[in-house]
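Visitor: Sequence:
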Amino acid sequence: MKKFIKFIAVFAVLAGVGYYFYDKNFNVPQVDQFITSKAVRGELVKSIESNGEIYATELIDVGAQVGGQIKKLYVKLGDVVKAGDMIAEIDSATQQNNVDTKKAQLGIYEAKLNSAKVALEISKTKFKREQELFAKNATSKEEFENAKNTLAANEASLKEIEAQIVQAKISLNTAQIDLGYTKITAPKGGVVVSVQVEEGQTVNSNQTTPTIVNIADLSKV
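The opening position of the sequence shown corresponds to residue 9 in this note's numbering, with each subsequent residue numbered one higher.
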C-alpha cells in the first residue's frame, strides 16, 4: 500500500512538472491582428429611391410656317439635335413656283422702268424744244402744252414703275422666305420628345401653326 501511494505521488509530481513545461513553451498567448490604413477625406454619397415624374424646364414646339405635304422627316423620338439641325422638309413645289413668278414680275417691271426712263428723256428734250419755240412764237400754245403734259405723264409713270419695283422686290423676298420655311430646323438643341406628323401628311398653316415635333432641354429638369 505504501508503494502504491508512493507511486501516485511520483506520478503527480511528474505530471505537474510536465504541465509546467508545456504551458511555458507551447501555450503562447494569441494576439489579435488588425488591418489598418491611413484615413483620407472623401465624398459621402447618399442615394434616395423615389417614384415621380420629371418635367423639362423648357419645351419647344417646332411648327410649320407654310402649308404642304411632309416630304421628309429627319428625326425620330429620342433623337438628340443641335440648333440648326434639319427636322423636316415640306414639299416646296408651290413655294418655288411662287418665287419664280415673283422674279418674272420683277423682271417685267424692271424692263418697264428702262422704257419709262427713255420715254422721259425724250419728253424732256421735246418739252425743252417746244418751250424755246413757244418763247419765240415759233410754235403753237397747243404744241407747247402737249409737250408739257407728256413730260408730266412720263414723270408720273416712272415714279409708278419705281414703286411697283419696290413692291415686287418685297413680294419676291416674302416668297423666298416662304420657300426657306419648307426646310424646318431645330431652333435650339435638345431631345425630340414627341413627333406629331408622318411623312406624306399634309399640314395646313392657314388655320393654326401645326406642330411637327416637340424638343425638350433635358439637361435642366
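Simulated from the structure, these hints should not be mistaken for lab results.
Among these hints, one or two may not hold up.
Stated by the list, open to error - Simulated crosslink set (DMTMM-like; lysine to aspartate or glutamate; CA at most 20 Å straight-line):
{"hint": "1", "residue 1": "K111", "residue 2": "E170"}
{"hint": "2", "residue 1": "K136", "residue 2": "E151"}
{"hint": "3", "residue 1": "K111", "residue 2": "D186"}
{"hint": "4", "residue 1": "K136", "residue 2": "D108"}
{"hint": "5", "residue 1": "K228", "residue 2": "D87"}
{"hint": "6", "residue 1": "K120", "residue 2": "E168"}
{"hint": "7", "residue 1": "K196", "residue 2": "E66"}
For clarity, every value in this text was computed on a predicted model and none was experimentally measured.
Visitor: It remains to establish, for every hint, whether it holds in the given structure.
Guide: Checked hints:
1. With a C-alpha separation of about 16 Å, the suggested pair K111 and E170 falls inside the 20 Å cut-off, and the hint holds.
2. Using a Cα cut-off of 20 Å, the hinted pair K136 and E151 holds, with the two alpha carbons roughly 12 Å apart.
3. Of the pairs offered as hints, the one joining K111 and D186 holds, with about 14 Å between alpha carbons and a cut-off of 20 Å not exceeded.
4. Proposed proximity of K136 and D108 is contradicted: the alpha carbons are some 42 Å apart, above 20 Å.
5. At roughly 17 Å between alpha-carbon atoms, K228 and D87 fall within 20 Å of each other, so this suggested pair holds.
6. This hinted pair checks out: K120 and E168 have alpha carbons roughly 10 Å apart, not beyond 20 Å.
7. Using a Cα cut-off of 20 Å, the hinted pair K196 and E66 holds, with the two alpha carbons roughly 10 Å apart.
Against the hints set out earlier in the document, a violation occurs for number 4 only.
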